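Engineer: Chain by chain, the residues run as shown.
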Amino acid sequence: MGGARLVLIYLAKRLGMMAPLLIGITFISFLVMHLAPGSPTDVMTDLNPKVSDLARERLTKLYGLDQPLHVQYWSWLKRLAVLDFGQSFAPDGRPVLDKIAERLPITVSINVLSLILVLIIALPIGVYSATHKGSLFDQATTLFVFLGFASPTFWLALLAMILFGVHLGWLPISGIKGLNHDQLPFWGQMLDYARHLLLPVLLSALTSLAGLSRYMRANMLEVIRQDYITTARAKGLSERVVIYRHALRNALMPVITILGLSVPGLIGGSVIFESIFAIPGLGKLFFEAVMSRDYPLVMGGLVISAALTLVGNLLADLGYALADPRVRAA
Amino acid sequence: MAAPAAGGGLSLFWEALAANRLALLGLAVVAALVLVAALAPWLAPFDPNAINVQAILLPPSWNHPFGTDELGRDVFSRMIHGSRVSLQVGLVSAGLATLVGVALGAVAGYYGGWVEAAIMRFTDMMLCFPTFFLILAVIALLEPNILNIMAVIGLTSWMGVARLVRAEFLTLKEREFVVAVKSLGAGDARIIFRHVLPNAMAPVLVALTLGVAGAILTESGLSFLGLGVQPPEPSWGNILSQGKDNIEIAWWLSLFPGLAILVTVLGYNLLGEGIRDALDPRLR
Numbered sequence: 001m002g003g004a005r006l007v008l009i010y011l012a013k014r015l016g017m018m019a020p021l022l023i024g025i026t027f028i029s030f031l032v033m034h035l036a037p038g039s040p041t042d043v044m045t046d047l048n049p050k051v052s053d054l055a056r057e058r059l060t061k062l063y064g065l066d067q068p069l070h071v072q073y074w075s076w077l078k079r080l081a082v083l084d085f086g087q088s089f090a091p092d093g094r095p096v097l098d099k100i101a102e103r104l105p106i107t108v109s110i111n112v113l114s115l116i117l118v119l120i121i122a123l124p125i126g127v128y129s130a131t132h133k134g135s136l137f138d139q140a141t142t143l144f145v146f147l148g149f150a151s152p153t154f155w156l157a158l159l160a161m162i163l164f165g166v167h168l169g170w171l172p173i174s175g176i177k178g179l180n181h182d183q184l185p186f187w188g189q190m191l192d193y194a195r196h197l198l199l200p201v202l203l204s205a206l207t208s209l210a211g212l213s214r215y216m217r218a219n220m221l222e223v224i225r226q227d228y229i230t231t232a233r234a235k236g237l238s239e240r241v242v243i244y245r246h247a248l249r250n251a252l253m254p255v256i257t258i259l260g261l262s263v264p265g266l267i268g269g270s271v272i273f274e275s276i277f278a279i280p281g282l283g284k285l286f287f288e289a290v291m292s293r294d295y296p297l298v299m300g301g302l303v304i305s306a307a308l309t310l311v312g313n314l315l316a317d318l319g320y321a322l323a324d325p326r327v328r329a330a
Numbered sequence: 001m002a003a004p005a006a007g008g009g010l011s012l013f014w015e016a017l018a019a020n021r022l023a024l025l026g027l028a029v030v031a032a033l034v035l036v037a038a039l040a041p042w043l044a045p046f047d048p049n050a051i052n053v054q055a056i057l058l059p060p061s062w063n064h065p066f067g068t069d070e071l072g073r074d075v076f077s078r079m080i081h082g083s084r085v086s087l088q089v090g091l092v093s094a095g096l097a098t099l100v101g102v103a104l105g106a107v108a109g110y111y112g113g114w115v116e117a118a119i120m121r122f123t124d125m126m127l128c129f130p131t132f133f134l135i136l137a138v139i140a141l142l143e144p145n146i147l148n149i150m151a152v153i154g155l156t157s158w159m160g161v162a163r164l165v166r167a168e169f170l171t172l173k174e175r176e177f178v179v180a181v182k183s184l185g186a187g188d189a190r191i192i193f194r195h196v197l198p199n200a201m202a203p204v205l206v207a208l209t210l211g212v213a214g215a216i217l218t219e220s221g222l223s224f225l226g227l228g229v230q231p232p233e234p235s236w237g238n239i240l241s242q243g244k245d246n247i248e249i250a251w252w253l254s255l256f257p258g259l260a261i262l263v264t265v266l267g268y269n270l271l272g273e274g275i276r277d278a279l280d281p282r283l284r
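For the record, the sequence lines run as chains P and R. When the first sequence is numbered by my numbering, its final residue is 330 and no position is left out of the sequence of numbers. When the second sequence is numbered by my numbering, its final residue is 284 and no position is left out of the sequence of numbers.
Treat the hints as calculated values from the structure; they're not laboratory data. Owing to the predicted nature of the structure, the values given are computational and were not obtained by experimental measurement. Glycine is no exception: its CB is placed at the ideal position from the N, C-alpha and C atoms. Among the hints, erroneous ones may be present.
[Claimed, not checked] Covered stretches of chain R, as calculated for chain P (at least 3 residues, CB under 8 Å):
| hint | segment |
| --- | --- |
| 1 | 62–70 |
| 2 | 132–138 |
| 3 | 242–254 |
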């Protein structure tokens with residue numbers, strides 16, 4: 001059988017496994033929102049004391065909140081099946097899907113940029129630390145990546161904003177584009193985005209360096225202990241060829257999986273970065289939705305971000321299957 | 001019949017740990033922190049909640065080593081007392097996560113079959129959610145008090161431990177010493193708790209150590225969003241979060257609690273990594 005066909009079969013199997021996971025995800029999302037005390041109408045009516053009990057009742061009816069939970073869940077699930085996430089409870093009352101769709105690209109681009117940066121920095125650190133285990137470089141980079149990981153993100157962001165934004169005045173400190181953005185030529189607009197995104201991307205990369213570089217180091221340590229590496233050395237190959245041709249390839253493989261698994265952490269972490277830098281992304285939207293008890297938006301955010309993770313994992317597994325023939329056969 | 005763990009293993013472990021300077025540094029930080037938290041009432045020079053309108057926003061001095069805040073409270077004393085709250089959040093959250101993870105992982109790995117399938121699919125589902133989203137949603141709907149925060153962080157971070165423990169159980173339950181006690185007629189509970197679990201504790205200990213660090217960071221993030229431990233009860237997260245409003249005129253309000261969190265989380269991480277290396281016979 002051809003490799004492409006095996007990959008397709010593998011893909012079909014994986015998609016089949018995803019369906020029950022997706023249903024479970026919707027169930028947890030629904031439960032989280034409905035087991036908590038209080039009702040979404042509380043917030044609306046609290047904000048506006050003039051709302052009468054009658055109006056409260058009407059709101060309850062409108063959103064079907066007077067129905068038993070399983071009925072509510074079932075009708076919500078039926079609408080999800082046709083990608084209808086309902087309308088936001090916010091005054092604008094826009095569809096949840098639209099609200100999330102306009103914020104998602106911002107969060108995804110920032111995280112993709114920061115992930116690329118992390119890969120460029122963390123992989124060489126991991127490899128070199130492993131091949132020079134216990135050296136000064138190993139200890140220094142270990143300390144450095146852990147310092148990044150251990151800093152409270154908002155604290156680091158605040159310090160950076162004050163230094164680069166306020167005292168030095170080099171970079172803008174909030175939003176993703178300047179006031180004169182629309183008047184700028186194309187390259188000016190790109191530069192404007194870059195200046196706004198530099199700090200958030202750098203900082204988010206700094207805080208997630210540790211995970212990948214330590215993982216790469218551990219993989220590499222594991223691989224260079226294997227028999228085939230000893231064989232390669234015994235053949236008289238140079239250390240360079242042994243490390244970069246034979247060991248690195250095998251140590252890189254599991255990194256693909258880790259990239260897929262890192263999606264939820266990145267999306268969750270975006271809440272704090274986006275709040276600090278006033279970036280209109282998914283994290284900020286979700287936080288605002290939570291604070292105003294916007295049930296449809298919170299449930300939609302949970303379901304969509306979890307589904308994104310599923311897609312991320314699927315892509316990672318697919319990449320793995322394409323790169324490693326053993327996985328396809330399994 | 002005892003599980004194959006020996007005194008020689010423990011001293012080897014200590015030797016390996018002692019040879020790792022970064023791990024020792026981590027151990028020292030963790031030990032110092034526990035000491036500070038235990039002795040907080042005797043170490044703190046002031047009442048952490050005593051308001052003093054004549055000593056507002058004073059910079060660090062001999063009298064107030066970390067300065068005073070916008071209510072004239074001594075930041076040094078607040079941080080010493082805050083160490084108790086932060087440590088409690090870290091230990092209880094990570095402890096709860098470990099307990100849940102070990103229980104689910106052990107049951108899944110030992111019994112296999114549909115029990116394992118159900119538990120592991122549930123674990124996969126939980127792993128799909130951005131944990132911070134789940135925590136935010138639940139905390140905002142309930143009430144941001146310390147009990148809720150510890151419970152929610154714990155109940156959303158057990159998945160790694162469950163996977164680890166299951167994997168350990170899968171290999172351990174086939175080993176001769178387990179098969180032997182089984183054929184001697186030992187019950188499931190006895191096999192799980194007396195024979196298999198003690199041999200699976202090494203990676204759990206590492207995960208617990210790293211979990212404490214993660215929970216302290218999560219609480220500080222929640223505090224920044226106003227959903228952490230609520231003032232006036234001092235936690236490092238909320239001291240830092242309150243300090244950010246005055247960061248331009250009173251740098252000490254943000255610097256010291258930030259550093260405290262950083263050093264503590266770093267300490268736990270270095271210790272956790274050190275334990276991992278020391279327990280791995282291949283790295284010796």
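Engineer: If a hint holds in the structure, say so; if it doesn't, say that too.
Structural biologist: Now the hints, each set against the structure:
| no. | hint | result |
| --- | --- | --- |
| 1 | 62–70 | violated (count 0) |
| 2 | 132–138 | holds (count 6) |
| 3 | 242–254 | holds (count 4) |
Comparing the model with each numbered hint stated earlier shows that hint 1 is the single one that does not hold.
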